[in-house]
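Chains as they are written, first to last, in this note's numbering: chain A, 1 to 339; chain B, 1 to 235; chain C, 1 to 290.
Just so you know, the hints here were simulated from the structure itself, not pulled from any lab data.
Check each hint, because a few of them may be wrong.
[To be verified] One-sided and incomplete, this derived list gives chain C residues near chain A with beta-carbon spacing under 8 Å:
| no. | residue |
| --- | --- |
| 1 | VAL61 |
| 2 | SER99 |
| 3 | GLN112 |
| 4 | LEU270 |
| 5 | LEU272 |
| 6 | LEU274 |
| 7 | ILE276 |
| 8 | LEU279 |
[Said to hold, decoys possible] Examples of chain C residues toward chain A, derived with CB under 8 Å:
| no. | residue |
| --- | --- |
| 9 | GLY95 |
| 10 | LEU98 |
| 11 | VAL114 |
| 12 | ILE230 |
[Unchecked claim] Each computed BS3-like pair below joins lysine-lysine, with the alpha-carbon atoms no more than 30 Å apart:
| no. | chain 1 | residue 1 | chain 2 | residue 2 |
| --- | --- | --- | --- | --- |
| 13 | B | LYS106 | B | LYS52 |
| 14 | C | LYS131 | B | LYS106 |
| 15 | B | LYS176 | B | LYS224 |
| 16 | C | LYS124 | B | LYS126 |
| 17 | C | LYS164 | A | LYS109 |
Even for Gly, the Cβ is constructed at its ideal location relative to N, Cα and C.
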Amino acid sequence: MTRQKLVKTLVMVALLLLICLLPLIVSNVYWRHIFILIAIMILATASMRAIFLTGEVSLGTAGFMLLGGYSSALLSAKLGLSPWLTMLIGGLFAAAVAAAVGYPFFRIKGIYFVITTLLLGFVFLYLAGWLSNLTGGWQGFCFFEISPQLTIGPLTITFTTKTNIEYYYLTIIVVGLSLFVLYRMEHSRIGLVWSSIREADKLAQSVGVNIMAQKVFIFTVACFFTGIAGALYAFHVHALSPTSTPANIFHFFTSVYCLMYMVVGGEGSFFGPFIGTTLLMLMSEFTRGIQEYRPLVYGGVLILIVFFMPKGLAAIGEYFPAWYRKLVGRFRRKALSPN
Amino acid sequence: MLLEIKNLWVRYEGAEVLKGISCEVEEGTIVTFLGSNGAGKTTTLRAICGLKAPDSGEIWFNGKRIDGNSPQNIIKQGIGHVLEGRALFPYMTVLENLKVGAFLQKDREQVARNLKEIFVHFPILKERQQQPARTLSGGEQQMLTIARALMGSPKLLLLDEPSLGLSPMLVREIGKIVREIHQRGVTVLLVEQNARLALGVAQRCYVLETGSIALYGETKDLLKSDQIRKAYLGL
Amino acid sequence: MGTAISGQDIVQCIMNGFCMGGVYILIGLGLTLILGIMNILQFAHGEVYMLGAFTVYFFCVMHGVNLYAAVFISMLTTAVIGLIIERILLRPLKGVFLSYVCVTTGLSLILQTVVMLLFSKGVKQLPSLWKGTFDVAGMFVSKERFVAIVIALCLTLALYTFLKRTKYGLAMTASAQNREGSLMQGINPNVMSAMVVAIGSGLAAVGGALGGSIFSLDPYMGGLAFMKGITLIVIGGMGSLPGTVVGGLILGVSESVLALFFGSQMGIILPLILVIAFLIFRPKGLFGHD
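Same shape as in the complex, but just chain A:
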């Protein structure tokens, strides 16, 4: 094993340990809640990135989270089904809708596809408010906590959100598994096909790749995971609402935030969403005092990253030599000029 690989593996193991021990190290319930949210958003961002791998930008993340969240919550609350089951159904429901709209949507070119997904999110939001008999209408709906339970032999674990510890682990496991699946897909033959579509779709088509089918496929898979993220959120917060305020996670701002997390972290790297989401969400927590300035900072960061670090933070190692060269080059030129 090369030295570089050894270092990388050690870093990964250390991080993994940190993630596993986090709720035990941090005793504050609120902070554990934040970590849970971060994990959920990492999944949402990673899903958005998966769609981006085929070259499309989808801003419908918030909408599909809504689908997953509402469907799983409603099924559990009204029909008493186990959350394990309903989370899965939530994901599948989101995936089904994605498959249904996938074919017509992907026929739409580039930027219009982005708008369409954005508008779709809006439509879901309004439907949630409109179908008040089903969803509790514009007030949204709360339900008593329905905690998933796991029975292993004589041991029953209830993933409550009282101390957030159990729910944290639940979230980590679900998110971890989902990310693992996404990672394997990206690094398999299918991943190569997606790259080929992103880079040179006409070329890919000429070697027999069915572009539409692939795009719809990844869209469906990504929305499945987005729906699961929404379901995780629903069972954690047990209150959902379709109001159009920026604070609502199902509002389209969330989709924009995911885009930001993805770009800041680096859309080229699988770990980009981790870095971007964690960093920005922690940053927003630490800047609660200057909450009003937050969009300003976010907007500024987004623009600065695009201009100065287009590959995102994940590729930060690449920038240093370039900046160093620029800096040294400028000094060298200054030294040469008085000839």
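The hints should help you fit chains B and C onto chain A, whose structure is shown.
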């Protein structure tokens, strides 16, 4: 020498399309670039007018070096380019297309004179001047593209495969038009696959093959050799 | 809905519809021009609209300048801001898709917050364009809305004249229809981009002023404005001037009528569904090309 190309290399995504070609176009002549598809003819024209920056080599026009410059600056020097595929403004009328052709002309009277002359030489355009360009037939569109380029009073006219998709009768028309343009003092660089048309009008000829110049010389000399005629010119 | 709808209601509704249509057209014109010529969707265009409204507020309400003069100043100032945005933020991006989605989105967040910080949060009002009503055949027509319609119409005609009869206007139309063809006529694409963003921003500013005068202003009004702009250019056809006008009128009037008969929620959601339907089945819109 109006146009000089020295050792031009152009690469597209790592693939070498032009491999160090050199050629010259003397003022007041018609020069043609022949070659089959993919030989690099269109790439040469695109490099000349700035649509593709060359990887290395030099392009000189009228004593000034133009390679690497932006298209609008190069066109300003007095070059007109009739693009492959015509590149008309489909929803603008014939007249509007012509007016845009005169974009760089500051002298209004010159523009009016150019327009009048064009209508004399291309009466069909005068007839259809209020029609959207996309409603014209293939041959008429080709004439419009050439006329549009002429509105700019260019010193050098680059023509990219004007005969493409046209009937033999129209191809002869194109030949006539090229000769007329030449008579008015415009230097012409004609890129063609149709050797018969090209050699019927050009004084000098370059044959391109996969990015290099396989053959060049005065047309009359090239036509004398049977071997050259058959092997390279297909005549 | 309970209460009967009178003729007066209908007249008011249609006036409203045309008036809102006018405002939407002013937003949509900029959006569609920028889209046609630069091939990008300016996500911060709604914020430019909002900026125009607040500039009028600044001059008129805070410094006592005459309303119409303030609108004119705002149009020019916002056009200049548009030039700056194009030069500094958009031109360096070289058309990379994800980059400009991020940059324009970031810009919209920045503009919202900056205006909110400079002007404080509450909802504000601009003075009326023209107080009172006309008496037309026994029904009352709002003078204010009438003026708004006239202003929108005049600006649209001015734009049309510019595009059809001036050298640069023709050049802009040409750039939108065939980029390489326009380059080969010596047209400078950077100049075209700068002009189109400036013009589009100026128009949006007037739209903002009208909207702010007839309704109200707040730093977050840009988001909705942007959505309306998108709706209208999709329906009317991207890159098409007559399409934008028709689309704007359709949107404005249908919203108004639907709101009258079915309540305001319908007025919001139906256009959304319409947009999605258009994008799927008729992406060219009513008049669009490409």
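These are the hints, each one checked on the structure:
no., hint, in the structure
1, VAL61, "violated, 23 Å"
2, SER99, "holds, 5 Å"
3, GLN112, "holds, 6 Å"
4, LEU270, "violated, 10 Å"
5, LEU272, "holds, 5 Å"
6, LEU274, "violated, 10 Å"
7, ILE276, "holds, 6 Å"
8, LEU279, "holds, 5 Å"
9, GLY95, "violated, 11 Å"
10, LEU98, "holds, 6 Å"
11, VAL114, "holds, 7 Å"
12, ILE230, "holds, 6 Å"
13, B:LYS106 x B:LYS52, "holds, 27 Å"
14, C:LYS131 x B:LYS106, "violated, 49 Å"
15, B:LYS176 x B:LYS224, "holds, 23 Å"
16, C:LYS124 x B:LYS126, "violated, 57 Å"
17, C:LYS164 x A:LYS109, "holds, 29 Å"
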